[in-house]
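Going down the list, the protein sequences come from chains A and B.
Quick note: to get our numbering, add 180 to the position in the first sequence (first position is 1).
Quick note: to get our numbering, add 16 to the position in the second sequence (first position is 1).
What the hints contain is simulated information worked out from the structure, not anything from laboratory work.
Zero decoy hints are in this set.
With beta-carbon atoms standing in for the labels, derived distance ranges:
#1 42/B x 253/A: 28 to 38 angstroms
#2 19/B x 204/A: 30 to 40 angstroms
#3 261/A x 74/B: 37 to 47 angstroms
#4 30/B x 236/A: 41 to 51 angstroms
Computed, partial: chain B to chain A, Cβ under 10 angstroms:
#5 47
#6 56
#7 57
#8 60
#9 64
#10 108
#11 111
#12 112
#13 114
#14 116
A virtual CB, placed ideally from N, CA and C, is assigned to each residue, including glycine.
The chain contents come next:
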Amino acid sequence: SAVISQKPSRDICQRGTSLTIQCQVDSQVTMMFWYRQQPGQSLTLIATANQGSEATYESGFVIDKFPISRPNLTFSTLTVSNMSPEDSSIYLCSVPRADTQYFGPGTRLTVL
Amino acid sequence: TQLLEQSPQFLSIQEGENLTVYCNSSSVFSSLQWYRQEPGEGPVLLVTVVTGGEVKKLKRLTFQFGDARKDSSLHITAAQPGDTGLYLCAGANDMRFGAGTRLTVKP
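Isolated chain B (complex conformation):
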């Protein structure tokens, strides 16, 4: 089993601030996925990163896959209350999730 550690576990910030969430493992992943889950719903896929060093952007969200494919980060620029949710990373072929980062963006 490939374990994924996420940090921070909780994050509460003001609207307009920037933030970074980390997903780390001692194992190499062929690809990693980031999901966001809102209350009362299942997780929804945001992005899949495949290549070491890869950077993907989704509007104000920037995802990076580490060169060694053992870690990934999610950076949100100018956070908005609509970004509030639980952010989860998962090995794409492993079906197992990190512990998650619960983000709250206050207006």
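Extracted from the complex, chain A is given alone in its bound form:
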């Protein structure tokens, strides 16, 4: 299994500001994934973060809005920039291990 923690667990932010979400894994992993889960909906993949290279973004997501860092094999950050109320969601990181995806508990973001 994998133990994944995220910080913060929740936050309430003003529009126009930015929030950086941290994801820490208990062991080294090559790939990490960032998802968004809007209220009452499924998970949407934002980007794949590989250590040592730029993140790969899915259609509809851009680096200027969701910059990602991957400084080492156990840590990643996702920044939600210039926030608007439409960014209110749960943001989750995940890692693959042995054909299983392990997820962090999520960061619940509310933008006013």
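Knowing the structure of chain A, use the given hints to seat chain B on it.
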């Protein structure tokens, strides 16, 4: 991108009833995974189905992979309130999820 459709989107039943949730695609998958997500937590893997026609059982949950590996179903027997949650299917190598089925089991 391989799209996954899930049905029903919402399901509310009484304790003790049976139910089936479906995951369908026009694409062939090498394998499919089912996850359950409870409020305030990330999804947790329930099962991976790999072989066309495969049936896997996990206590009261029965998972089936279609012969053509384009669809899958999850059947719950004698549902309990603890089964309440969001059920998601995903292509095992695709990292993308279906829309999910939100199940509520009333005591």
